[in-house]
Amino acid sequence: MKLKKNIAISETGFVFDPTTGDSYTLNPVGMEILSLLKEGLELEAISARILEKYDVEKGVLERYLYDFLGLLKQYQLVEEDDEN
Amino acid sequence: MKDKKMEKIPFERPLIQKINAGLPSKYGMIRRPEPIEDIEGISVESLLNEYGSPLFILSEKMLRKTYQEAYRAFSSRYPKVQFAWSYKTNYLNAVCKIFHQEGSWAEVVSGFEYEKALANGVPGSKIIFNGPFKSREDLKKAVENDSLIHIDHFDELYELLDLAENLEKRPKAAIRVNMDTGIYPQWDRFGFNYENGEAWDALNRIMISKQIDLLGLHTHIGTYMMTVQAYEKAAMKLADLAIGLERKYKHTIKYIDMGGGFASKNTLKGAYYPGSDTAPSFDDFAEAIVSALMKSEFKPDHLPLLILETGRALVDDAGWLAGRVVANKRLADGRRATIIDAGVNLLFTSFWYDHDIRPAKQLSDQTEDTTIYGPLCMNIDIIRDHIQFPLLKKGDPYVIRRVGAYNNTQWLQFITLRPRVVLIDPKGKSHIIRDGETLETLNRCEHLPEHLN
Numbered sequence: 001m002k003l004k005k006n007i008a009i010s011e012t013g014f015v016f017d018p019t020t021g022d023s024y025t026l027n028p029v030g031m032e033i034l035s036l037l038k039e040g041l042e043l044e045a046i047s048a049r050i051l052e053k054y055d056v057e058k059g060v061l062e063r064y065l066y067d068f069l070g071l072l073k074q075y076q077l078v079e080e081d082d083e084n
Numbered sequence: 001m002k003d004k005k006m007e008k009i010p011f012e013r014p015l016i017q018k019i020n021a022g023l024p025s026k027y028g029m030i031r032r033p034e035p036i037e038d039i040e041g042i043s044v045e046s047l048l049n050e051y052g053s054p055l056f057i058l059s060e061k062m063l064r065k066t067y068q069e070a071y072r073a074f075s076s077r078y079p080k081v082q083f084a085w086s087y088k089t090n091y092l093n094a095v096c097k098i099f100h101q102e103g104s105w106a107e108v109v110s111g112f113e114y115e116k117a118l119a120n121g122v123p124g125s126k127i128i129f130n131g132p133f134k135s136r137e138d139l140k141k142a143v144e145n146d147s148l149i150h151i152d153h154f155d156e157l158y159e160l161l162d163l164a165e166n167l168e169k170r171p172k173a174a175i176r177v178n179m180d181t182g183i184y185p186q187w188d189r190f191g192f193n194y195e196n197g198e199a200w201d202a203l204n205r206i207m208i209s210k211q212i213d214l215l216g217l218h219t220h221i222g223t224y225m226m227t228v229q230a231y232e233k234a235a236m237k238l239a240d241l242a243i244g245l246e247r248k249y250k251h252t253i254k255y256i257d258m259g260g261g262f263a264s265k266n267t268l269k270g271a272y273y274p275g276s277d278t279a280p281s282f283d284d285f286a287e288a289i290v291s292a293l294m295k296s297e298f299k300p301d302h303l304p305l306l307i308l309e310t311g312r313a314l315v316d317d318a319g320w321l322a323g324r325v326v327a328n329k330r331l332a333d334g335r336r337a338t339i340i341d342a343g344v345n346l347l348f349t350s351f352w353y354d355h356d357i358r359p360a361k362q363l364s365d366q367t368e369d370t371t372i373y374g375p376l377c378m379n380i381d382i383i384r385d386h387i388q389f390p391l392l393k394k395g396d397p398y399v400i401r402r403v404g405a406y407n408n409t410q411w412l413q414f415i416t417l418r419p420r421v422v423l424i425d426p427k428g429k430s431h432i433i434r435d436g437e438t439l440e441t442l443n444r445c446e447h448l449p450e451h452l453n
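From first to last, the protein sequence lines stand for chains A and B.
Heads up: the first sequence begins at 1 in the numbering used here, then just goes up one per residue.
Heads up: the second sequence begins at 1 in the numbering used here, then just goes up one per residue.
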């Protein structure tokens with residue numbers, strides 16, 4: 001899963017999608033995940049980074065991560081990997 | 001010695017929210033619900049740990065304070081005021097006893113409630129028996145106990161006249177009057193109509209029979225009334241009947257009973273403003289009713305006793321429902337759904353209120369458009385349709401405010417069992433006032449035919 005190339009993320013947590021004109025806000029953890037996605041990290045690597053930094057259990061994070069990614073899909077901010 | 005772990009940052013669920021340029025609100029109301037961490041000084045978390053979840057919590061201090069406020073509003077304007085506690089609003093014995101200690105009579109609407117009031121130590125003469133159905137046995141008991149029987153229809157009036165012939169005591173009664181008070185819908189199902197002359201027919205019948213002590217006039221104009229003018233009109237019309245009785249029969253009634261129906265501060269579904277801003281105060285209701293009575297032709301030294309049966313406005317604020325989040329999920333359109341452990345079977349009022357639900361601890365500044373579901377396997381089990389709600393996770397505690405009225409009487413044992421109710425006394429000590437139901441509670445009423453055993 002990759003963030004669409006034209007999505008703009010500001011340092012303060014605002015997201016702009018020039019295709020639709022929609023804007024979004026992120027909370028700090030959401031911001032971090034989106035930035036890691038933009039860097040091109042895979043899900044496992046993102047999960048490892050978050051676990052290292054935040055006080056959260058792996059199972060709990062996994063649930064929220066998938067929920068979050070589901071929302072990104074809903075908002076059409078990400079594109080599936082080519083092989084999918 | 002172990003290596004000290006690096007301090008980790010507290011985790012909050014990742015969130016992305018679309019910015020919608022919706023209709024601007026000129027009031028800029030806060031959209032983030034502030035948490036309610038404790039109730040009367042006891043933390044919600046500790047109450048849930050001690051008594052289980054979900055849990056109804058009532059505050060004795062709040063019950064007494066609200067009663068005293070209401071009583072003061074009327075007694076400071078009118079010399080003879082009497083409240084009668086509306087049993088159907090909340091007939092947990094502890095709640096009834098608190099109101100009786102404060103000076104309330106009992107207002108009941110069924111044989112069961114009548115028995116409950118007697119068992120709570122209310123003298124028969126201080127029980128008002130309202131409602132459209134009183135069995136012959138109920139009526140007989142009420143006559144023997146000198147209770148105030150509020151006659152609802154002609155069938156009841158004739159039943160009472162019939163009883164009066166065969167009993168040694170004279171029934172003490174009032175008639176229930178319905179009328180146009182300028183509100184919609186007009187409640188015309190209780191009692192005799194004022195405008196079409198039915199109320200006068202009933203009064204004439206009673207006066208001519210000479211078998212019933214006609215002590216009062218009663219009306220119950222509606223529920224969750226947000227306009228005080230309706231009470232003013234109702235009081236004027238009852239006063240008019242009373243003056244008419246005086247002229248025609250030289251009969252002086254002892255009391256005017258204005259019923260209940262005062263709005264509480266809950267917000268009705270579909271209301272634009274929150275109920276806390278729109279509900280009239282006790283002073284507003286008192287001013288409207290008392291000024292109408294004072295303007296009437298009642299002689300100042302012969303004012304009738306003013307009885308009030310308000311229930312909702314006295315008890316709603318004193319009740320909370322606390323519990324825990326069961327799960328979160330996404331709906332098909334991407335909106336968040338949070339499932340809590342209390343459903344509409346416990347919170348009957350969620351069918352007509354947008355209940356004020358809050359987290360019970362400071363969790364997150366972020367909110368998301370959320371639908372809050374109860375735990376029942378029923379599509380209608382919705383506590384809140386749309387609410388900007390913080391990101392609660394499984395196990396986090398919540399509190400629903402203003403649930404004291406009608407829920408502990410209209411709740412259903414449906415799919416889940418009804419939970420405990422605790423009362424926090426004025427010293428901050430908690431007491432169980434109703435046990436949680438168990439399978440045993442239900443099975444006690446059931447019998448299996450032998451061939452099924």
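Note that these hints are calculated values from the structure, not bench results.
You may find that some hints are simply not true.
To be verified - One side only, chain B facing chain A, incomplete, derived with CB under 8 Å:
#, residue
1, Arg-13
2, Leu-15
3, Gln-17
4, Arg-330
5, Arg-420
Claimed, not checked - Using C-beta positions, here's what the derived DEER-type ranges look like:
#, chain 1, residue 1, chain 2, residue 2, range
6, B, Gln-410, A, Gly-70, 17 to 27 Å
7, B, His-431, A, Gly-70, 18 to 28 Å
8, B, Pro-426, A, Gly-70, 42 to 52 Å
9, A, Glu-57, B, Val-326, 29 to 39 Å
Built from N, CA and C at the ideal position, the CB exists for glycine as well.
Evaluation of the provided hints:
{"no.": "1", "hint": "Arg-13", "in the structure": "5 Å, holds"}
{"no.": "2", "hint": "Leu-15", "in the structure": "4 Å, holds"}
{"no.": "3", "hint": "Gln-17", "in the structure": "5 Å, holds"}
{"no.": "4", "hint": "Arg-330", "in the structure": "6 Å, holds"}
{"no.": "5", "hint": "Arg-420", "in the structure": "30 Å, violated"}
{"no.": "6", "hint": "B:Gln-410 to A:Gly-70: 17 to 27 Å", "in the structure": "38 Å, violated"}
{"no.": "7", "hint": "B:His-431 to A:Gly-70: 18 to 28 Å", "in the structure": "46 Å, violated"}
{"no.": "8", "hint": "B:Pro-426 to A:Gly-70: 42 to 52 Å", "in the structure": "50 Å, holds"}
{"no.": "9", "hint": "A:Glu-57 to B:Val-326: 29 to 39 Å", "in the structure": "19 Å, violated"}
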